[in-house]
Amino acid sequence: DAGVIQSPRHEVTEMGQEVTLRCKPISGHDYLFWYRQTMMRGLELLIYFNNNVPIDDSGMPEDRFSAKMPNASFSTLKIQPSEPRDSAVYFCASRGGTGDGTNEKLFFGSGTQLSVL
Amino acid sequence: GQQVMQIPQYQHVQEGEDFTTYCNSSTTLSNIQWYKQRPGGHPVFLIQLVKSGEVKKQKRLTFQFGEAKKNSSLHITATQTTDVGTYFCARDNYGQNFVFGPGTRLSVLP
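Residue numbers (our numbering), protein chains in the order written: chain A, 14 to 130; chain Y, 34 to 143.
No lab work stands behind these hints, which were simulated from the structure alone. Warning: the hint list may mix true and false statements.
[What the hints assert, rightly or not] In the DSS-like style, the derived pairs of lysine-lysine whose C-alpha atoms are separated by at most 27 angstroms in a straight line are: (1) 89/Y x 102/Y; (2) 91/A x 118/A; (3) 90/Y x 118/A; (4) 103/Y x 92/Y; (5) 92/Y x 69/Y; (6) 102/Y x 90/Y; (7) 69/Y x 102/Y; (8) 84/Y x 37/A; (9) 81/A x 92/Y; (10) 69/Y x 90/Y; (11) 118/A x 37/A; (12) 118/A x 92/Y; (13) 92/Y x 37/A; (14) 69/Y x 118/A; (15) 84/Y x 103/Y; (16) 89/Y x 69/Y; (17) 102/Y x 84/Y; (18) 69/Y x 84/Y; (19) 81/A x 91/A; (20) 90/Y x 103/Y; (21) 118/A x 81/A; (22) 89/Y x 103/Y; (23) 102/Y x 118/A; (24) 118/A x 89/Y.
[Said to hold, decoys possible] Here are some chain Y residues pointing at chain A (derived, C-beta under 8 angstroms): (25) 43; (26) 66; (27) 115; (28) 121; (29) 132.
The beta-carbon is built from N, C-alpha and C at its ideal position, and this holds for glycine as well.
Take the sequences, apply the hints, and build the full model.
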């Protein structure tokens, strides 16, 4: 397996523009997570899905952020309109879901470095 | 979910010196995970600790889980430049997701 795949690796956009980040989890993983990383706030969980269903989106900063998982192999995180304070590295991660403690580790993608000017 | 704290925030060591980072929680943890993130990279899973007082070793890395399951530590013996990065602990949040600590950034001077 190629691991968790994110695109794009880098995104530079202007304030007010729509940004869409993409993620392909590891095949067979039931959970998908979106994290945001900044120097000030560290690694923050934005939202996570279980079997394509959003379970907890309490970490989503505001209504400008939305996430979807239309199928088991694809998820998007959209920011509309984007603002300079959204600049960060956005990570997608996935894991299996047996809950028996044997496969609960997270596999992270390489991240998307977002810069909003 | 409850947060976990890590100390120190930064650590600079000379190559060959030992390094320890600590992860503390105000509540009892069901388990704790450790991740390493190299500069410019993404977090990579190192280990998971589940049992009270558990000690696990990976080459020069030793991981401990406190008896009360409220703290954990990662100790690196004889650091090398390849150990450079940020080390995160992450606590299980009701078996669904993991909440990450702020991390300890390790610099190793050659």
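Problem set entry | Earlier hints that do not hold, by number | Violated hints: 8, 9, 13, 25 and 27; rest satisfied.
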